[in-house]
Amino acid sequence: MREYSRPVKVETPADARLTDTPFARATEEPAAVMLRRQESGQWRDVTCAEFLGDVMAIARGLLAAGVGHGDRVALMSRTRYEWTVIDYAVWTVGAVTVPIYETSSEEQIAWIIGDSGALAAFVELPEHAARVDAVRGELPHLKHVWPIEGDGLAGLRESGSGIEESAVLERRTAVGADDLATIIYTSGTTGRPKGCELTHRNLLFTLKNIIHAPLREVFEVEGRRTLLFLPLAHSFARVIQIGCVESHTVLGHFPSTGPELIDTLGDYQPTFLLAVPRVFEKVYNKAEQKAVAEGRGRIFAIAAATAVAYSKAQDAGGPGLWLRLRHAVFNRLVYGRLRAALGGRATHAISGGSALGERLGHFFRGIGLTVIEGYGLTETSAPTAVNDATTQRIGTVGRAFPGVSLRIADDGEVLVKGDHVMRGYWNNPQATREAFDEDGWYRTGDLGELDDDGYLRITGRKKEIIVTAGGKNVAPAVIEDRIRSHALVSQCIVVGDNRNFVAALITLDPEALEFWKQQNGKDPAATAAALADDPDLRAAVQVAVDRANRAVSRAESVRKFTILPQDFTVEGGQLTASLKVRRHVVAKEFAAEIDAIYGG
Numbered sequence: 001m002r003e004y005s006r007p008v009k010v011e012t013p014a015d016a017r018l019t020d021t022p023f024a025r026a027t028e029e030p031a032a033v034m035l036r037r038q039e040s041g042q043w044r045d046v047t048c049a050e051f052l053g054d055v056m057a058i059a060r061g062l063l064a065a066g067v068g069h070g071d072r073v074a075l076m077s078r079t080r081y082e083w084t085v086i087d088y089a090v091w092t093v094g095a096v097t098v099p100i101y102e103t104s105s106e107e108q109i110a111w112i113i114g115d116s117g118a119l120a121a122f123v124e125l126p127e128h129a130a131r132v133d134a135v136r137g138e139l140p141h142l143k144h145v146w147p148i149e150g151d152g153l154a155g156l157r158e159s160g161s162g163i164e165e166s167a168v169l170e171r172r173t174a175v176g177a178d179d180l181a182t183i184i185y186t187s188g189t190t191g192r193p194k195g196c197e198l199t200h201r202n203l204l205f206t207l208k209n210i211i212h213a214p215l216r217e218v219f220e221v222e223g224r225r226t227l228l229f230l231p232l233a234h235s236f237a238r239v240i241q242i243g244c245v246e247s248h249t250v251l252g253h254f255p256s257t258g259p260e261l262i263d264t265l266g267d268y269q270p271t272f273l274l275a276v277p278r279v280f281e282k283v284y285n286k287a288e289q290k291a292v293a294e295g296r297g298r299i300f301a302i303a304a305a306t307a308v309a310y311s312k313a314q315d316a317g318g319p320g321l322w323l324r325l326r327h328a329v330f331n332r333l334v335y336g337r338l339r340a341a342l343g344g345r346a347t348h349a350i351s352g353g354s355a356l357g358e359r360l361g362h363f364f365r366g367i368g369l370t371v372i373e374g375y376g377l378t379e380t381s382a383p384t385a386v387n388d389a390t391t392q393r394i395g396t397v398g399r400a401f402p403g404v405s406l407r408i409a410d411d412g413e414v415l416v417k418g419d420h421v422m423r424g425y426w427n428n429p430q431a432t433r434e435a436f437d438e439d440g441w442y443r444t445g446d447l448g449e450l451d452d453d454g455y456l457r458i459t460g461r462k463k464e465i466i467v468t469a470g471g472k473n474v475a476p477a478v479i480e481d482r483i484r485s486h487a488l489v490s491q492c493i494v495v496g497d498n499r500n501f502v503a504a505l506i507t508l509d510p511e512a513l514e515f516w517k518q519q520n521g522k523d524p525a526a527t528a529a530a531l532a533d534d535p536d537l538r539a540a541v542q543v544a545v546d547r548a549n550r551a552v553s554r555a556e557s558v559r560k561f562t563i564l565p566q567d568f569t570v571e572g573g574q575l576t577a578s579l580k581v582r583r584h585v586v587a588k589e590f591a592a593e594i595d596a597i598y599g600g
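The UniProt record's numbering puts the first residue of the sequence shown at 1, with every later residue one more than the last.
No lab work stands behind these hints: they were computed from the structure. It should be emphasised that the depicted structure is a prediction, and the values quoted were computed from it without experimental measurement. One or more hints might be untrue.
Pairwise CB distance ranges (calculated) [what the hints assert, rightly or not]: (1) E158 / D133: 48 to 54 Å; (2) R433 / P7: 25 to 31 Å; (3) Q518 / Q430: 53 to 59 Å; (4) P126 / P7: 48 to 54 Å; (5) G114 / A174: 25 to 31 Å; (6) G258 / A174: 41 to 47 Å; (7) N427 / D533: 47 to 53 Å; (8) D534 / G295: 32 to 38 Å; (9) P13 / L321: 33 to 39 Å; (10) A431 / R157: 34 to 40 Å; (11) N500 / M1: 50 to 56 Å; (12) H144 / Y598: 51 to 57 Å.
Where a beta carbon is used, it is the ideal one built from N, C-alpha and C, also for glycine.
Taking the hints into account, I'd like the entire structure generated from these sequences.
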């Protein structure tokens with residue numbers, strides 16, 4: 001199949017806006033719980049009326065500060081309650097939110113605030129304020145910087161206390177569906193980040209057609225709630241925030257994916273989760289490591305294989321009696337504990353950002369947590385395709401959601417049309433023109449294929465195709481994903497452009513390495529650099545490489561690999577804030593290691 005479309009399910013009126021639902025709910029059901037926020041270690045309910053009161057207080061302050069219709073307001077913060085309040089307050093006055101990752105450098109901050117022409121900025125912590133202050137001399141448009149932490153917003157609230165409610169409401173209703181809502185800057189894996197212009201229509205069209213169609217089973221269950229812990233500066237988390245508001249799902253915030261997250265999930269008890277594949281990999285790997293440490297490694301391995309088999313059987317007529325019995329036993333011994341660690345109530349999870357992999361997809365569905373994969377870009381308001389919660393096809397990223405069309409170009413590139421596609425790139429008409437073909441299809445830059453039922457499978461990134469010296473085209477994503485699924489591996493970059501064979505640069509997961517050292521009698525103080533040539537460690541990583549090579553042809557397989565002395569990090573510049581690898585940075589930084597692989 002070369003093209004697939006689905007008819008729109010929910011139309012977006014010309015006068016629709018993102019603030020409609022919070023204002024309507026505050027009037028119709030003021031005492032209903034809309035969000036939950038953590039205070040002194042305890043979760044407190046936030047009603048619809050209370051949330052709107054907080055939004056209105058910030059909106060009044062924005063009006064008092066002279067923020068006008070269409071003005072850009074930067075927002076630099078970890079994921080927290082105030083992020084959502086500020087986002088909706090900015091939209092209430094007709095302004096445009098410009099998210100900035102809290103990990104962004106001074107140079108990145110200067111570019112985003114400067115390019116967007118932001119009039120004002122919210123910053124969470126003193127360290128964020130310091131980074132903005134360091135480049136403020138380069139930002140003549142920036143008039144206000146407001147802190148969030150502590151009582152930082154009290155002054156803004158106070159300054160707007162004299163603004164009449166009618167003035168705010170007048171500004172809110174002046175907004176239309178095609179007004180700009182946000183400018184989200186791309187991760188910048190190559191070159192300077194580009195600002196994607198997303199309108200109220202883009203975001204409302206996306207969420208309403210997803211929550212009432214493919215993800216209805218997730219967003220319409222009784223007592224639904226989720227805990228958002230991914231950065232809200234990322235479009236993936238942002239659309240889930242909006243989806244929770246639009247679907248009346250109780251939303252909680254948590255500022256990190258650190259070790260304390262598991263305890264928080266147990267306390268919050270979400271009905272569904274949102275995460276990137278790396279989070280699911282860590283959940284699996286930690287469960288496996290714990291079982292091995294307790295002498296139950298063989299039992300866990302059998303339980304994992306049973307979960308995968310049980311899931312696969314659901315796509316092939318259903319599991320037989322013996323498999324059902326084994327699954328029931330492990331459900332009591334293993335699977336129930338895993339679900340309990342995630343709060344005990346979650347039946348679904350939504351994964352995005354990169355490929356999850358079929359093995360993990362089947363494992364989690366087999367233990368009772370269906371991980372729904374989707375696909376999209378910042379330019380497409382995050383999702384473009386998504387698996388249906390009830391008709392999931394593991395290994396694909398699903399079908400176009402209602403109102404969206406997908407096409408596979410002659411060279412294999414995935415093309416997209418729909419009201420979810422951005423208006424263009426801010427201040428960059430040339431890049432906007434290059435992003436669309438002559439028929440108005442958005443060029444994703446990804447390679448893919450559609451099966452006979454319209455399910456999309458992403459096979460690689462057009463600009464990342466490696467051409468070996470022998471002329472073989474290699475899409476690195478497939479083999480990288482498989483190698484990265486090994487517990488010891490954190491990141492994997494396949495190389496081999498204009499070389500005689502394909503090789504890989506591999507980094508180790510720090511936590512998994514500590515466990516491996518304990519299990520293999522290695523010096524506890526030994527670093528990844530010190531162990532890079534250890535025969536036992538290389539043998540363990542070779543298992544991951546061999547397993548990955550079975551998925552590709554001989555010409556595409558990894559012949560050699562190097563274990564790098566440290567992991568890739570955002571701070572080191574090898575990863576973007578959304579945890580995508582900056583290939584050009586890695587290739588330059590580790591050029592000597594690459595040359596050494598090929599005898600250079």
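Results for each hint:
1. For the hinted restraint 48 to 54 Å between E158 and D133, the CB-CB distance of approximately 23 Å leaves it violated.
2. With their beta carbons about 29 Å apart, R433 and P7 fall inside the hinted range of 25 to 31 Å.
3. The beta-carbon spacing between Q518 and Q430, approximately 55 Å, falls within the hinted interval of 53 to 59 Å.
4. Between P126 and P7 the C-beta distance comes to about 51 Å, which sits within the given range of 48 to 54 Å.
5. A hinted range of 25 to 31 Å holds for the C-beta pair G114 and A174, which are about 28 Å apart.
6. A C-beta distance of roughly 42 Å is found between G258 and A174, which places it inside the suggested range of 41 to 47 Å.
7. In this structure, N427 and D533 meet the distance hint of 47 to 53 Å, their C-beta atoms being roughly 49 Å apart.
8. Between D534 and G295 the beta carbon distance is about 25 Å. The supplied range of 32 to 38 Å is therefore violated.
9. Separated by about 54 Å at the C-beta atoms, P13 and L321 break the suggested range of 33 to 39 Å.
10. For A431 and R157, the hinted distance range of 34 to 40 Å is satisfied, since their beta carbons lie about 39 Å from each other.
11. Remark: the range hint 50 to 56 Å for N500 to M1 is contradicted by a beta-carbon distance near 37 Å.
12. With their beta carbons about 54 Å apart, H144 and Y598 fall inside the hinted range of 51 to 57 Å.
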